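Fit chain E to the known structure of chain X by using the hints.
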Amino acid sequence: MVENSSRPTGKVRWRRFAIAVVPAVAVAGTLVGMTAKGALASSISVSGQEYTVSASQLSGQGFEQFGTWIPGGNGGVPNPTGGAGTGTLVMESAMTNADLYNLCQQVTVGPFTLTLTAGSATDPAVAQNLIVDAASQTGSSAVFTNISIGNDASTLTEDPGVEGAAGSFAQQADTVTINNLVQKTWLTTAGTFTLPDLSLGFGGTCQSS
Amino acid sequence: MTTRARWRAWRRSRPFWGGLLLVLSGLELLALPLTGVLVHGQIKLVIYIGIGGVFGVLIGGLLIVSGLALWVNPAHRTFYSIAGLLLGLVSFPASNLGGFFLGMLLAIIGGSLGFAWAPLPAAGTAVEASPGPEASTEPEAASEPEIVPGLVTAAGPDADAEPEPAVAADSAAESGTE
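Protein chains in written order, with my numbering: chain X, 1 to 209; chain E, 1001 to 1178.
In isolation and in its complexed conformation, chain X is listed as follows (with noise of 0.2 Å):
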């Protein structure tokens, strides 16, 4: 006989792999079913890397903006607060809901670039308790309502749970819209995100139509 540590002494039984693999893969395809069709939502939240974000038209209610620091990043800012490491500076935008149109967002994960589509011109993807922080952000127009200029962003009051360091620059507004928005973004986070239309492929550029 062969030495005994060299037979194995399990092996997958493909049957049983059946078994377990396609309910599992019945019940993922139904996931991402519902969410395609917005029926489902999404919990977002990546960070650590810069990615780009557009949609054709944003429509926030509750929005606050005030700039922040995070750590990493490519700015090689050292740490206002006196800790260690470098970070970037980032402007945070936060909103209660918001609409997005035409989203597109694209993620590089290791040698692969995603591009994650979703909501259409008509059926926005729609995000509550969204934040968002933007090296870089710029749109074709905005319009703001009841909007208060050079608040202390520790007193902000328009997205509750969410506010900045005493004394720096903030502002915030009841509602806002922002078309053809184009962002840099260090960090995105949305607790539930609604995805209507979803698609995801490899490779591709977003339309910053």
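If you are wondering where the hints come from, they were derived from the structure by calculation, not from laboratory data.
Only a predicted model underlies this, so the values are computations on that prediction, with no experimental measurement involved.
There may be inaccurate statements among the hints.
[Said to hold, decoys possible] Here are the simulated SDA-like pairs of lysine to any residue, each with C-alpha atoms no more than 25 Å apart in a straight line:
hint: 1; chain 1: X; residue 1: 184; chain 2: E; residue 2: 1065
hint: 2; chain 1: X; residue 1: 37; chain 2: X; residue 2: 146
hint: 3; chain 1: X; residue 1: 37; chain 2: X; residue 2: 197
hint: 4; chain 1: X; residue 1: 11; chain 2: E; residue 2: 1122
hint: 5; chain 1: X; residue 1: 11; chain 2: E; residue 2: 1016
hint: 6; chain 1: X; residue 1: 37; chain 2: X; residue 2: 80
[To be verified] Some, not all, of what chain X presents toward chain E, calculated at C-beta under 8 Å:
hint: 7; residue: 12
hint: 8; residue: 20
hint: 9; residue: 21
hint: 10; residue: 38
hint: 11; residue: 40
hint: 12; residue: 44
hint: 13; residue: 45
hint: 14; residue: 114
Built from N, CA and C at the ideal position, the CB exists for glycine as well.
Frame of chain X, contents of chain E only:
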């Protein structure tokens, strides 16, 4: 015994690939929200991330644990692999669309591999609890008690499984496995 042979024996005596895929899927799910923290060691980012990121961290961490548990405790492989499978499914709504699909796929395949792994009978002894008639190397004596209790007459040996897996399992069986 050389180190290499020991490693080989260790690998072959447990659901190694299933566990490995579960660990990788957990790492991928952790990496998306936590890259900044892992690279720069800053806790501030975690506080920013909030509940969505917490789910991602929780699911990723549990996937790594279930993968490691598959390795160190293969006796409970069914529980750990199904837990990993379900965590992978939950990660789709809860954690960046299952780490942009990749982590979810790794968890599904890894969990299924762990679930499907079974120890071979020790050489020279009878086949233990053979999963189906085709897996039995002993002729009638071993397989008879399993076939008798009404399963064959109902809808074949997979009557208790769901219709979909039964179909796929049959096609898998046709391709000649054991």
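Quick rundown of the hints versus the structure:
{"no.": "1", "hint": "184/X with 1065/E", "result": "35 Å, violated"}
{"no.": "2", "hint": "37/X with 146/X", "result": "34 Å, violated"}
{"no.": "3", "hint": "37/X with 197/X", "result": "6 Å, holds"}
{"no.": "4", "hint": "11/X with 1122/E", "result": "13 Å, holds"}
{"no.": "5", "hint": "11/X with 1016/E", "result": "10 Å, holds"}
{"no.": "6", "hint": "37/X with 80/X", "result": "44 Å, violated"}
{"no.": "7", "hint": "12", "result": "5 Å, holds"}
{"no.": "8", "hint": "20", "result": "4 Å, holds"}
{"no.": "9", "hint": "21", "result": "4 Å, holds"}
{"no.": "10", "hint": "38", "result": "13 Å, violated"}
{"no.": "11", "hint": "40", "result": "6 Å, holds"}
{"no.": "12", "hint": "44", "result": "6 Å, holds"}
{"no.": "13", "hint": "45", "result": "4 Å, holds"}
{"no.": "14", "hint": "114", "result": "5 Å, holds"}
In summary, the numbered hints that this structure violates are 1, 2, 6 and 10.
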